[in-house]
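**Student:** Spelled out, the chains give:
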Amino acid sequence: MAAQPSSAGVAGAIALPLGDQPAAPAGRLRRTLKITVPAALLLLIFALCFLGPLIFAVPSPTFTNILDANEGLFSPHHLFGTDQVGYDILSRILYGGRASLEIALAVNGIGMVAGGFFGMVAGYIGGWRDAVMMRFIDVLIAFPGIVLAIAIAERLGPSEFHVILALTVFSVPAFARLSRAATLRVREETFIVAARLSGTRTNRVLLRHVLPNILPQLITFNLLGMGIVVVLEGALSFLNLGIPSPLPSWGNMIASGQTVLTAEPRLVILPSIALFLTVLSLNLLGDGLREHWSSR
Amino acid sequence: MVKVGVGGGTGRTRRSGARRTSRLIVAAACAAIAAYGVSWVATSSASTAKVAAGAGSGGSLTVLLNTGFEGAWPSGLDPSTDTNGLANQDMMTSIFGDLFQLGPKGKIIPDLATGYKFVDGGKVIDMTIRNGVKFSNGDRFTAAMVAKNITRDLASPCTCSPTSAWTTLAKTNPVTVSGNVVAVHFTAPYGAFISSIISSDANWIADLNALQTMGASAFQNAPVGAGPFTVVSDTPSQEIVLKRNPGYWQSGYPLLQNLTFKTVANDEAAYEAMQAGQGQVYIDASSPQIEAEAAKTYKVVEEKSTSPYDIQFNTSIAPFNNIEARQAIYYATNAKQIDDKLFNNLFPLTESFTAPGGLFYEPKVPGYIGYNLAKAKALVKKLGGLTVNFFTIAIPTAEEATDAMAAQWQAAGIKVTTANYPLAPLISQFTGGKWQVALQTAGAWDPAQGVGVGFRFDSHSPFSGVHSTQLDTILENAAGSTNLATRKKDYAAAAALIAKEAWGPFLFSYAPDQIFAKNVTGPGLSIPLPAVAVSATVLWQDVTATK
Amino acid sequence: MSASAPASFDLREGGEARPRHLGHRLAHSSLLRVLGRRLLAAIPVMWGVTFLTFLVMNLVPGNVARSLLGATATPAQVNAYQAKLGLNHSFFVLYGNWLGNLLQGNFGNSYSSHAPVTSTIAAQLPVSFELIAYAFIISLVISVPLALLAARRPNGIIDRLSMTFSMAGVSVANYVLAVVLVWVFADVVSAFPAIGFVSIGTNFGENLRSLTLPAIAVGLPLAGFYTRLLRADLLEQLQREDYVVTARAKGIGPWRVIVRHALRNSLFGLITVIALNFGTLLGAAVIIEQIFSLPGLGNGLIQAISNHDTPVIEATVLIFALMTVGGNLLADILYAVLDPRIRYGSTTE
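Residue numbers (the working numbering), protein chains in the order written: chain D, 1 to 296; chain Y, 1 to 547; chain H, 1 to 349.
Please keep in mind that the hints were generated in silico from the structure rather than gathered at the bench. Any given hint might turn out to be false.
Listed next, with one range per pair, are the computed distances between beta-carbon atoms [stated by the list, open to error]:
#1 H:184 with Y:321: 53 to 63 angstroms
#2 H:208 with Y:57: 32 to 42 angstroms
#3 Y:142 with H:101: 40 to 50 angstroms
#4 H:103 with D:117: 28 to 38 angstroms
#5 H:55 with D:128: 23 to 33 angstroms
Residues of chain H placed beyond 12 angstroms of chain D at every Cβ, according to the derived structure [unchecked claim]:
#6 50
#7 57
#8 62
#9 78
#10 92
#11 101
#12 157
#13 212
#14 249
#15 290
#16 328
Bear in mind that the values here come from a model prediction, so they are computed numbers and not experimental data. Backbone N, C-alpha and C fix where the C-beta goes; we use that ideal spot for every residue, glycine too.
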């Protein structure tokens, strides 16, 4: 086992080096299923969150009539019931998923572009500049992001955009390191050395030759990383730094439901299931893709 | 601003919000209603389950405190410097006792003082100090020590000191001693003096000689007072372990042998901890769901409320510089519906800043306009529409009430955006001056207290939305008079003026609940006490847990 | 990272490039020299972390006086209190003073409690460390046997089940796990305390009981992760490594091969991963300590931040950073020292 730096969780999955999984004796079909099943589940979750409210008439997640408060599961107008203020739980799960997924996409999008670029350049140019650039990344990684998250929430006020800002502190350095390592690996490949020696401009080498080769790893990590972001968003909500109510997110639903857990367990359990299924399908898909790419 | 974080200030706070909330609650809890005194013991011992079988016979208790309310004491427990002291009233009273205490039905009870009188038309207040009392380390408790403490409090920048309330304090020698009498001198009559004492750190007398020997840092973690309990160990904002003070002045008390305070994140965590056998009492619960659940196993008793919810307008800028916009909100707000659905109809509706547990209670105010959807719609139409930004403190109870109200306003055709702010951004809303309308609480046991009515309605308060010299004058007179009947009349006039100008709709008066094991009895638990601001203090020396 | 547990972006470098590369380097240069160089490189990182923290805290609105005095304090009162604390200075002066003191080994006093920061931290450190150690133990007790059973028959029923478990483990948010654990084991069954901490010195049994639910909440996702890691590595060992083939050829039973040979080697790798997880787990502890009211570093950090108590924040952040950077370093050393392939200088490439 390569001493893969990794973490205690979702991210850990990627810590398995690409070639590490023994080639699956199982056939192509199984490998395809390993990608299509989680991909389909993920697609379904996205569709439900982003298109669902347009297709079925769900009540507004942020408008309530207090007279509808505390409806149980499967009540006539509220499939998952309502909470103590009268909000429709199904609607909040769908719209909350929207927020959680938007945040995940944005945080990893920014991380992949900014961090990926940073790491690729550092790895490619090497030398002292690489060392300086990576010390900067080291600082960001060693710095507990929670401090920044609180600063952002208090300085700028809690909002979806500020949650995204706070979480990029986690994603940018992670992508930078990944991308640098991948770049180091391909830098000495013959076709890149050849391109460099033939006088191709650095920009071009990076974009035409390096990037396409490190992209699969970045994308795989993006999927696994999305699960992490969805979970982190919830953690911020637990510290009251997430998306402010009445806007829903899975994190703030779980965090606020937790304060009445004994009396109303479903307020925690329903969004937790949504969160779990999403992270699970992201992990499975990331896993499947990695296997696919590594066996190519 | 938020005095109590709108009622909910207590229980259902989540962790960190809770922590931030604690500051506002400092204000909220602005008053140590303290342990209950001798005279009350005499009059009501028959009615209580108090067996008085002797000191230490009442067993041991662990009391759970919300981190957002009483359960934060980051700057220690020295009365002069405990910036959160007014929220830490249960601990402070247990360690220091009180000069004066607030008993049932708002009766002022002398404890370490034996009485007070107004001299010179109310400009000087003489407090007589109890003789023969000793601090827990054996040092004598004297009038000179009391004066020294009050002088020290006044010099401290802590908001817990009475400085801000005592605006007319004499410039030279404000605190004097003669024999066992401590006199405080003012330049104008100050009828609300005792209310200000019980809602400030001047009520707690520390042994300053011990402080000298121990050093400030050691003292604030294990302070020496003359209260019923002494400190065994203290982990700031986590846990404080107390044991019976054998030298306590009131013989046969306290009844408990050991008293431990422990912090929990919220009502749910408190209930879980009680279920797991980790605590027998939880102070200031606010979640109706948890209270209902807890009532199956424990006793749940509501404190006497003193602090109503109110909707605060910024009358300096549009849209609420227009009285018709304010009236539209009065008409559109259905307080009864929110009380019913969110709080199981627990709280009495009110039309002013007074509440059943406090002084000068008037549920009805002449000229107050209530819910009337048709009139609300008509006014909104007349105004050509109304768009408002409605905010509150980021605490679940307040957020829920805000959401529910926003929905009611929308039904009247008002366009509402809502926001919930943690404390710091909330303060910037007020200092920025651009805010429009907020859900708050207003009022206290005595409206003249620092975070009483003036906090929201007096021009001098940075957190007021009203700037009226007429109202300022009424409130000033009301605080100054030593005659209760005059004061009551003044506050009624203030309430009528607020109603006439439509400066702020009042909803219902909120009070948290105490949850405790069925074998626990005592004033503040089995016998409800009024909250000085939002929460009442249990009189721990009289509490007992029978087997 | 910090806020949440299982989740973390804490991925140092992807692919297998780095360890091999590094291993190579270590194998061919003096371990001490590399160690020295890495320690030197850690200095600017640690400094950067302290500066960043100071900077970020400076951006948070309000100050220690405002947060201690509360909403009712007037600006004049706030200023007076700041002055009393000696904090009415510019950012650079304050940072310079703090850094100067630190270089003399003085962490300063807490702004709020005025107690020495070192004593505050010394009270919190054992709580967090014990939580993490307990979580590691739980994760290993689950993952090692599970991975062994899974690796013995790849794609067998046990393997499938263990992979399902580990996938679920890495996909569950630790705070959800914590909330559910409290609900079931503290409330419904009343088997464990729901909140609070009993120190080892007071009562060892109660100490373990008070940390059991939090340690499971941290350790279970970790177990899922380690199971995957270990299983994959065991399979690789069994398929590729010569000594395993040799052992097999000698007629040693498959179980014995796995336990005696493959596991021994795989554990080296696992230990380095554990070292790398130190920093991450400290971060995970923040939220778990909140949920269980444990008086550890994470809880202290949140309290300190809400009080704008910069000296305490800085000291805590330094410990977090030290755990991350030190964990990294330790992993490298362990890798060099423990991995026989490197120790004997045999090439790994």
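**Student:** Taking the hints in turn, state whether each one holds.
**Tutor:** Comparing the hints with the structure gives:
no.: 1; hint: H:184 with Y:321: 53 to 63 angstroms; result: 55 angstroms, holds
no.: 2; hint: H:208 with Y:57: 32 to 42 angstroms; result: 34 angstroms, holds
no.: 3; hint: Y:142 with H:101: 40 to 50 angstroms; result: 41 angstroms, holds
no.: 4; hint: H:103 with D:117: 28 to 38 angstroms; result: 36 angstroms, holds
no.: 5; hint: H:55 with D:128: 23 to 33 angstroms; result: 25 angstroms, holds
no.: 6; hint: 50; result: 9 angstroms, violated
no.: 7; hint: 57; result: 7 angstroms, violated
no.: 8; hint: 62; result: 8 angstroms, violated
no.: 9; hint: 78; result: 16 angstroms, holds
no.: 10; hint: 92; result: 18 angstroms, holds
no.: 11; hint: 101; result: 20 angstroms, holds
no.: 12; hint: 157; result: 15 angstroms, holds
no.: 13; hint: 212; result: 18 angstroms, holds
no.: 14; hint: 249; result: 20 angstroms, holds
no.: 15; hint: 290; result: 7 angstroms, violated
no.: 16; hint: 328; result: 7 angstroms, violated
The structure shown violates the earlier hints numbered 6, 7, 8, 15 and 16.
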